[in-house]
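I would like the entire structure built from these sequences, with the hints used as guidance.
Protein chains in written order, with UniProt numbering: chain A, 1 to 376; chain B, 1 to 356; chain C, 1 to 327.
By construction, these hints were calculated from the structure, which means they are not laboratory data.
Treat the numbers as computed from the prediction; the structure is a model and nothing was measured.
Among the clues, some could well be false.
In silico DSS-like pairs for lysine-lysine, Cα to Cα no more than 27 Å straight-line [claimed, not checked]:
| id | chain 1 | residue 1 | chain 2 | residue 2 |
| --- | --- | --- | --- | --- |
| 1 | C | Lys78 | A | Lys218 |
| 2 | A | Lys262 | A | Lys291 |
| 3 | C | Lys78 | A | Lys115 |
| 4 | C | Lys170 | A | Lys244 |
| 5 | A | Lys244 | A | Lys162 |
| 6 | A | Lys291 | A | Lys115 |
| 7 | A | Lys152 | A | Lys247 |
| 8 | C | Lys170 | A | Lys362 |
| 9 | A | Lys244 | A | Lys115 |
| 10 | A | Lys244 | A | Lys207 |
| 11 | A | Lys54 | A | Lys326 |
| 12 | A | Lys262 | A | Lys162 |
| 13 | A | Lys367 | A | Lys337 |
| 14 | A | Lys211 | C | Lys78 |
| 15 | A | Lys291 | A | Lys54 |
| 16 | A | Lys291 | A | Lys326 |
| 17 | A | Lys211 | A | Lys152 |
| 18 | A | Lys170 | C | Lys170 |
| 19 | A | Lys329 | A | Lys123 |
| 20 | A | Lys123 | A | Lys170 |
| 21 | A | Lys308 | A | Lys291 |
| 22 | A | Lys207 | A | Lys218 |
| 23 | C | Lys170 | A | Lys123 |
| 24 | A | Lys291 | A | Lys123 |
| 25 | A | Lys247 | C | Lys78 |
| 26 | A | Lys274 | A | Lys207 |
| 27 | A | Lys162 | A | Lys308 |
| 28 | A | Lys170 | A | Lys247 |
| 29 | A | Lys218 | A | Lys291 |
| 30 | C | Lys170 | A | Lys218 |
| 31 | A | Lys362 | A | Lys291 |
| 32 | C | Lys170 | A | Lys115 |
| 33 | C | Lys78 | C | Lys59 |
| 34 | C | Lys170 | A | Lys162 |
| 35 | C | Lys59 | A | Lys162 |
| 36 | A | Lys326 | A | Lys123 |
| 37 | A | Lys211 | C | Lys170 |
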Amino acid sequence: MKLQRNGRSKALAIGAVALVSTLSLAACGTDDNSSGGTGGASASASKAAIACAKGGQLLAAGSTAQANAIDVWKAAYSAACNGTTITYGGGGSGAGVQQFNQGKVAFAGSDSALKPAEVDASKQVCTGGQGINVPMVGGLISIVFNVDGVDKLVLDAPTLAKIFDSQITKWNDPAIAALNPGVTLPAADIQAIHRSDDSGTTDNLTKYLSKAGNGAWKYPSAKTWAGQGGQSANGSAGVAAQVKQVKNSISYVELSFAQTNKLNSASIATGASKPVEATAANAATTLATAKPAGTGADLALTIDYTTKEEGAYPLTLVTYEIVCDKGNKADGLELLKSFLAYTASDAGQQAIGATGYVPLPKDLAAKVQSTVAALA
Amino acid sequence: MSTMTTAPAPQLRQSLTNGRLPKWAPVAVTVLSIALGCGIGAAAGLKSHLQWGLISALLFVAVSYAVAAKVEGRRQAKDRFATSLVWVAFILAVVPLAALTFYTVQQGIAAINGNFLTHSMKGVVASTTPDGGIYHAIIGTLQQVLLATLIAAPIGLLTAVYLVEYGRGRLAKAVTFFVDVMTGIPSVVAGLFILSLWNIVLGFGYSGFSGSLALAILMMPVVVRSTEEMLKLVPNELREASYALGVPKWKTILRIVLPTAVGGITTGVMLAVARITGETAPVMMLVFGSDVINNDPFNNPQQSLPLYIWQQYSMVNNDFGYQRAWGAALVLIAFVMALNLVARGIARWRSPKSGH
Amino acid sequence: MTSSPPATSEGRVRRRRGDSRLGDAVFFNLSRGSGILLLAVMAAIAGFLAYRSGIALSKNQGNFLTTFEWTPDAAHPKFGIAVLAFGTLVSALIAMIIAVPVAVGIALFISHYAPRRIAQPFAYLVDLLAAVPSIVYGLWGVLFLVPHMDGLTRWMDQYLGWTYIFDQSKSGVPPRTLFTVGVLLAIMVLPIITAVTREVFRQVPRMHEEAALALGATRWEMVRTAVLPFGRPGIISASMLGLGRALGETIAVATVLSTNSVLSLHLLDPGGGTFAQNIALKFNEAQPFGRDALMASGLVLFVITLVVNGVARLIIARRKEYSGANA
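Put into structure tokens, the structure is as follows:
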């Protein structure tokens, strides 16, 4: 019994210590991260470009692909403007658009432009207006691979389509070898990895494969993976981790994931004089040739996946902010416009260039700026 | 407690059995089977150490049975067999436990410092600096779990009391039926239900509290089911003795039945708390996630630890992100453990002194 | 519930002293009210699911029960649960086959076998496993467990390949399989089953144990005749709690499993899917209709949980005479 009592009081004592430390912890937290010198230079540089709103809360949600860009922007914005809180919930484009159409968020980040049904639904939220697509974050999809002894690889759309559809199953397949003269390719099985979750990245890749693949990709473009065989992983992070772990693997992720995970990216043979590397600059070239697909205030873009221009990386995408052209909620409008005006500005676009995104071309950015200024 | 009585049992039988293995026999068998297991593993060139372990475990069980059967007879051999199986189960549990704990501590310990624990992520560009912290997430988790527990634990407890002490007829059957079904509900579904009802139909905004509602739904069936089980085990003699003394039923339940079962009930509630503390999906849907400290769980988005881990892993996804994610995971586990210890301390303190 | 005390009719309650009548009435109504509230919430969720499912099923162009793919948002919505139901049941079954015996073993170890000095801390440690969030299990699973399962799966393929289900059709692929998921789920549900079972074993009347020992039973015979029969309903209830988690586990499965829409009996090949995992992976990008379809799959999971629990309740009811709890 004595022993037992001992144990009892010991448990109590430990519990008490835990409780006390939890409580004391609760008294000393702070929002102030300025002492760390976070992004000091870029923050002060962008300060000039920010016309602060008076303050308030801005809720936004959507695409995880642009989450890191928003992260950069809101850090700079909240550093410049006291009393403003911007919150971006990265639950995916589809979820973001639905939240927008339920009137729960001020804007949604989306990997693809609104569908007609979604525009109709948005009219209930945007009194007197409708939801429009404002291109804001440019990006590109890297074809990442992990093959021993190979750090430069050239592929083209039909070959990619066949690899991801399990029609080409060996690394030393003649189709790959023909694109890579002088590279020793192993006789190993290709471990093609795709996204197991529905995603805008898959959607953009399959758009490219079906447009540029000369019929090698037999499925319609979709957020759900349709190809045969291969393995899958959840999210860009999961896919990148698999490519890192599994030898002879190949997959597709946004540039930032390829960079942070230090994965090799393949160049793409587009028909230009030499294969195009997956760099932000090359993607910007493609972005500059994108054609408007929207009408009026809507700035949706169509990207030319079959571009043969020199140094134009075809696997390029643009993600949008979805806002109301008219009828945005009055109490958040000033902050919304002020924030989006900064993100579309030169300083804003340059700030995200360093983190694996593609700044918008100048004339597109100008259009975006005037659209943002006209929001009501 | 029962271990104290069972431990001396083998000695009692000593004179009655024909042969007995020396005291060091189990140790010897263990060493032998591990050596053999590793030997076989190495000889066969098996790469995975899991297999080495499994072979050793099998050998251990087989050898203890064989040796005991030879020396002590079949009944004793069965006893040894069971004992060795129980020990193997123990080892089987220790291996993943140790691996998981070690892995989390190894990955997370470097992130944890005063700055990490006392700062939010406000103004931090997560992918470019190691700065920032989890204070806002700790506050969020603390409040959301507390609120969910305050809702779910009393309702769950009282429901279990109803089912065990009063429950007859169709209402009890219906409650049992739905509680059973609810144990397997995916958290997304609970989240979506609250989203549709609370946030869209009733028009409330994202807040810690709406997350708590979904977490409470996930918690209730676990509380009911485990409490029900513990209440059933309270001997009827105790209740009858109480009634015989003229104590009314409600007092019997409060003073006799619940205190007798308090250890088990605490375990059940803590299991439920542990389960909801790690939930991501409903929190993302309802609490929304935020970078800044929000001490008010009823208004505006909050953060929570599991959501924070998920964001750092899947969106930031670089060394800084991993570091924060594992650090937050470690804090989360420590948090639940601390709660567990507190709850157990209280339970032991309140429970009747000598069990049964 | 059937084991509630004998003298409980409300008539008796009313005959007691005046001051206790009010207390009894209040307490009775409080607890019944909680039951009704719980029932209302659960029924509302079931109704909500049924309503959303109805919308989805009316437009489905495939057979909901036999279709393999899940494309509700395509131009011709087509979705079915065949692969998901199979994967959910198989992974949960593997988890239970591994976890229940081990958990009972651990519970016995803690309650009856271990030296007290080890038992207490070890009990806390097992509870620690319950505190680990699913996302951490997922990351640990894919970064640590999957590479370590590689040798084991290859070995199973080599020696158990003739069973067909343990045959690996493609080698060199990381084992992100239903089997690995089953093992991971087993680790995840282990603490739940152990914790409840342990508490039940602790409640075994000491007199039963001592009677068995006094009759000359070995420790195992004592456990078999006194502890296990007493604990059986508790073990089953605990297993059901664990099974609930295994069936509904989302993020850990989504992180570890390499999914596809092929129903394959080769458990060591990557592929398959589970209900909860499918909901988590498709939910974020789903259109409103796609969400309804996911709700329909959630309803099926409800039904499965219900059937499994019903069977368990039947078993408990049949074995009640041996339970000895209130004998």
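query: Does the structure break any of the earlier hints, and which numbers would those be?
result: As far as the earlier hints go, 2, 8, 9, 15, 20, 23, 25, 32, 35 and 37 are violated by this structure, in ascending order.
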